[in-house]
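Number of protein chains: 2
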Amino acid sequence: MERIIGTYYIETPYDPEKAAAVLAGEQSSGTFVAVPGETEELKQRFAARVEDVALLETVDLSAIPGAVSSTGKYHRARVKVSWSIENFGYNLPVMVSSLQGNLYEITQFTGLKLMDIELPSSFGQQFKGPEFGIAGCRQLTGIAERPLIGTIIKPSIGLTVVDTAAMVQTLADAGIDFIKDDELLSSSANSRFEDRVAGIMKVINTHADKTGKKVMYAFNLSGEMDEMLSRYETIVKHGGTCAMISINSVGLSAVKKICDQRQLAIHAHRNGWGMLTRHPLLGIDFRAYQKIWRLAGVDQLHVNGIKNKFWETDDSVVNSIEACLTPLFDQKNVIPVVSSGQWGGQAFETWRRTQTQDLLYMAGGGIMAHPMGVAAGVAALQQAWSSAVEGLTLEEAAATYPEFAKSVEKFGDK
Amino acid sequence: MERIIGTYYIETPYDPEKAAAVLAGEQSSGTFVAVPGETEELKQRFAARVEDVALLETVDLSAIPGAVSSTGKYHRARVKVSWSIENFGYNLPVMVSSLQGNLYEITQFTGLKLMDIELPSSFGQQFKGPEFGIAGCRQLTGIAERPLIGTIIKPSIGLTVVDTAAMVQTLADAGIDFIKDDELLSSSANSRFEDRVAGIMKVINTHADKTGKKVMYAFNLSGEMDEMLSRYETIVKHGGTCAMISINSVGLSAVKKICDQRQLAIHAHRNGWGMLTRHPLLGIDFRAYQKIWRLAGVDQLHVNGIKNKFWETDDSVVNSIEACLTPLFDQKNVIPVVSSGQWGGQAFETWRRTQTQDLLYMAGGGIMAHPMGVAAGVAALQQAWSSAVEGLTLEEAAATYPEFAKSVEKFGDK
Chain A
1351 MERIIGTYYI
1361 ETPYDPEKAA
1371 AVLAGEQSSG
1381 TFVAVPGETE
1391 ELKQRFAARV
1401 EDVALLETVD
1411 LSAIPGAVSS
1421 TGKYHRARVK
1431 VSWSIENFGY
1441 NLPVMVSSLQ
1451 GNLYEITQFT
1461 GLKLMDIELP
1471 SSFGQQFKGP
1481 EFGIAGCRQL
1491 TGIAERPLIG
1501 TIIKPSIGLT
1511 VVDTAAMVQT
1521 LADAGIDFIK
1531 DDELLSSSAN
1541 SRFEDRVAGI
1551 MKVINTHADK
1561 TGKKVMYAFN
1571 LSGEMDEMLS
1581 RYETIVKHGG
1591 TCAMISINSV
1601 GLSAVKKICD
1611 QRQLAIHAHR
1621 NGWGMLTRHP
1631 LLGIDFRAYQ
1641 KIWRLAGVDQ
1651 LHVNGIKNKF
1661 WETDDSVVNS
1671 IEACLTPLFD
1681 QKNVIPVVSS
1691 GQWGGQAFET
1701 WRRTQTQDLL
1711 YMAGGGIMAH
1721 PMGVAAGVAA
1731 LQQAWSSAVE
1741 GLTLEEAAAT
1751 YPEFAKSVEK
1761 FGDK
Chain B
1351 MERIIGTYYI
1361 ETPYDPEKAA
1371 AVLAGEQSSG
1381 TFVAVPGETE
1391 ELKQRFAARV
1401 EDVALLETVD
1411 LSAIPGAVSS
1421 TGKYHRARVK
1431 VSWSIENFGY
1441 NLPVMVSSLQ
1451 GNLYEITQFT
1461 GLKLMDIELP
1471 SSFGQQFKGP
1481 EFGIAGCRQL
1491 TGIAERPLIG
1501 TIIKPSIGLT
1511 VVDTAAMVQT
1521 LADAGIDFIK
1531 DDELLSSSAN
1541 SRFEDRVAGI
1551 MKVINTHADK
1561 TGKKVMYAFN
1571 LSGEMDEMLS
1581 RYETIVKHGG
1591 TCAMISINSV
1601 GLSAVKKICD
1611 QRQLAIHAHR
1621 NGWGMLTRHP
1631 LLGIDFRAYQ
1641 KIWRLAGVDQ
1651 LHVNGIKNKF
1661 WETDDSVVNS
1671 IEACLTPLFD
1681 QKNVIPVVSS
1691 GQWGGQAFET
1701 WRRTQTQDLL
1711 YMAGGGIMAH
1721 PMGVAAGVAA
1731 LQQAWSSAVE
1741 GLTLEEAAAT
1751 YPEFAKSVEK
1761 FGDK
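Quick note, the sequences are listed as chains A and B, same order. Quick note: the first sequence uses this note's numbering, first residue 1351, plus one each step. Quick note: the second sequence uses this note's numbering, first residue 1351, plus one each step.
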């Protein structure tokens, strides 16, 4: 029978082998005493199994509250635990409850992070993954090789539909590939969702008729289940190509239901992610996280960006991009959404470290606040990327392109 | 215009007033440069506002990775930030994205936890809250005053439907009020959901016909959206009174959709909760968390238990019980589900500290592994509670009741 394997980074004051056994017990048949009915045969078939324990560093200070060490030492280890898929079949929420769930409660661990998930091959048959992914998003936007250049409507919240549509017109004229709502806006007092879709898609459709280029707009439909389905239909009806969801706030089952409609590319915004990963020894690593959401079927997934304005390191961002671009079964790959404080200057380092253009590269202020205007902001982004790929340095690109040069002037110290 | 207020426990190497302003900026109109269109009027109406900053301790070591202090000092504070409800209306996921969301990414914070949410009164009109709550669950089970005594089917996973139904028969005969699936089981290879409901409800209905007492069984319907709705109908069709959901794994929008059916009491299992709260300076406190889920409409919510087998302190458990029993608008109160390593011995301390019997008091091994059998296990729990409420000590109760005395013998050192 196929098994699913979770890899954990753990810390414990006890022998890591024994702590791992507690984990496996809690996450299968466990209670605090032996109970009738727990036969050997049943355990053999359904019990979680410790597959591997690799000892790592020992430290003097525990990472999070839990059991106190009598020796003052806390041991870290990489632990692999497996479950038979007979336990939950192809049920993502129960898979999550098994692989994460109560194990964060176990006092024997003073640190526990789910680092990766190995999925058995039948998951590849059961879950279709992204409907569009990289190839589909390229096709929808008509961009063959370079990164899709995107922006976020700012101010995040407060603009009227008319204001927003006018901004979309400016951005479309400027040659943008992709625009998104901010995650703080779904339907607000002066920007009702349905009105916004109608207003914006009119601009986008007219622009597409005239130029042949259809801007992809990610409308944030996050909300209650029925509301989201109705909003989804609104986008489809108006000829939109993309819907955005705040995946952590909406949750797995509802996101999967939206992805299952398979008519729109799904832009997965991971706001709230910091809570789940920021501590090195608590929560879940992006490598595990992105697999769950790819199984659910999202097409675009946020990964932060090089030299971002947030806490995340460049190494972590590079790892996240690599994770998204690593094939999962024969599914389409999810497109990494690079954003946060991006303005084009980071294109060079992003290219150097990832060697990929399969990115949705987002700049908010970097485009909207460009000194020469929005069209120059878009042009500067494209110039930065083509220069990076051609092997130019930032300085050489600035010397070649006036729009990018102005970006460097304004944003260069950011 | 009504505002919603989030209270945060934060840590920062900077002036907490300034860090709080960054938070408010990021969670409303913010990007890293000023953008056109962000007028004063718009800011006044839609911007998040820092309401209060109360300085707390200063420490030498940062709680989580983020900005490094130039002075080596990190300042902690309690910060209140408010948003106009015009920003998101009555949309729970967007409320969560505003109150939590990207603010966990802000590098200026080396610790950030959402401690509480103050909801404006119109939320009380918009959200009905629990359909059953404490009063409704008492009515469904026919228990007027004492805690509902419940248990979990163990082994958690692996029993056949026939085995499980037999165990339910034993428990019903023993006088149990409530039984639940384990969160690791929804539909497994040898316990298909629909079969399990049919098998168990047959036992429960027959028992109810004979005795007038209908045991409440929480079937774990966690899964995909349509699957959950179909499972819900299965429970209703067979005369069940309760459905269980792993709320963190399933997510907010799908849980709300299930609660909105309003025919079954919803047992909210919070597995995965440790990830969200175990670190004192990251994530969300139970006081804020339970409000979100009460708005969604859950009837029963896990709070761990006194002297539990997990990491959580008794103080934290007591606070959680108190939070559940604090009225939210004129909604029915959610019933706190006390569980984890409980066997009756903890009834005394639970009563002493909470002075409430409005609890669903769960014991797994404490009932199932009682030396005199399951009926004695249930009796022992009831004896413990009635003794505690009457003012007896544990020792006095053990001297009075042989079943409870055996519990003390077997579990007393646990």
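By construction, these hints were calculated from the structure, which means they are not laboratory data. Do not rely on the hints blindly, as some may be mistaken.
No distinction is drawn between identical chains; accordingly, a pair holds when it is met within one copy or between any pair of copies.
Cross-link-like lysine-lysine pairs, in silico, DSSO-like; alpha carbons within 30 Å at most [said to hold, decoys possible]:
id, residue 1, residue 2
1, 1368, 1760
2, 1587, 1368
3, 1423, 1657
4, 1393, 1552
5, 1393, 1760
6, 1368, 1478
7, 1430, 1563
8, 1423, 1756
9, 1756, 1563
10, 1587, 1657
11, 1756, 1393
12, 1560, 1393
13, 1393, 1657
14, 1430, 1560
15, 1587, 1552
16, 1641, 1368
17, 1682, 1563
18, 1587, 1393
Here the structure is a predicted model, which is why all the values come from computation and not from measurement.
Comparing the hints with the structure gives:
1. 1368 <-> 1760: between (56 Å within a copy, 24 Å between copies)
2. 1587 <-> 1368: Neither, since 57 Å and 45 Å both go past 30 Å.
3. 1423 <-> 1657: This pair counts as between: shortest inter-copy Cα distance 25 Å, intra-copy 36 Å.
4. 1393 <-> 1552: The answer is between: 28 Å across copies meets 30 Å, while 60 Å in one copy does not.
5. 1393 <-> 1760: Answer is between; shortest inter-copy Cα gap is 24 Å, intra-copy 64 Å.
6. 1368 <-> 1478: For residue 1368 and residue 1478, neither the intra-copy (38 Å) nor the inter-copy (47 Å) Cα distance is at most 30 Å.
7. 1430 <-> 1563: neither (48 Å within a copy, 46 Å between copies)
8. 1423 <-> 1756: neither (54 Å within a copy, 38 Å between copies)
9. 1756 <-> 1563: This pair counts as within: shortest intra-copy Cα distance 27 Å, inter-copy 78 Å.
10. 1587 <-> 1657: neither (39 Å within a copy, 56 Å between copies)
11. 1756 <-> 1393: Classified as between; 28 Å across copies, 66 Å inside a copy.
12. 1560 <-> 1393: neither (66 Å within a copy, 36 Å between copies)
13. 1393 <-> 1657: Between copies only: 28 Å across, 49 Å inside.
14. 1430 <-> 1560: Classified as neither; 56 Å inside a copy, 50 Å across copies.
15. 1587 <-> 1552: within (12 Å within a copy, 47 Å between copies)
16. 1641 <-> 1368: Answer is within; shortest intra-copy Cα gap is 29 Å, inter-copy 37 Å.
17. 1682 <-> 1563: within (24 Å within a copy, 54 Å between copies)
18. 1587 <-> 1393: neither (52 Å within a copy, 33 Å between copies)
In summary, the numbered hints that this structure violates are 2, 6, 7, 8, 10, 12, 14 and 18.
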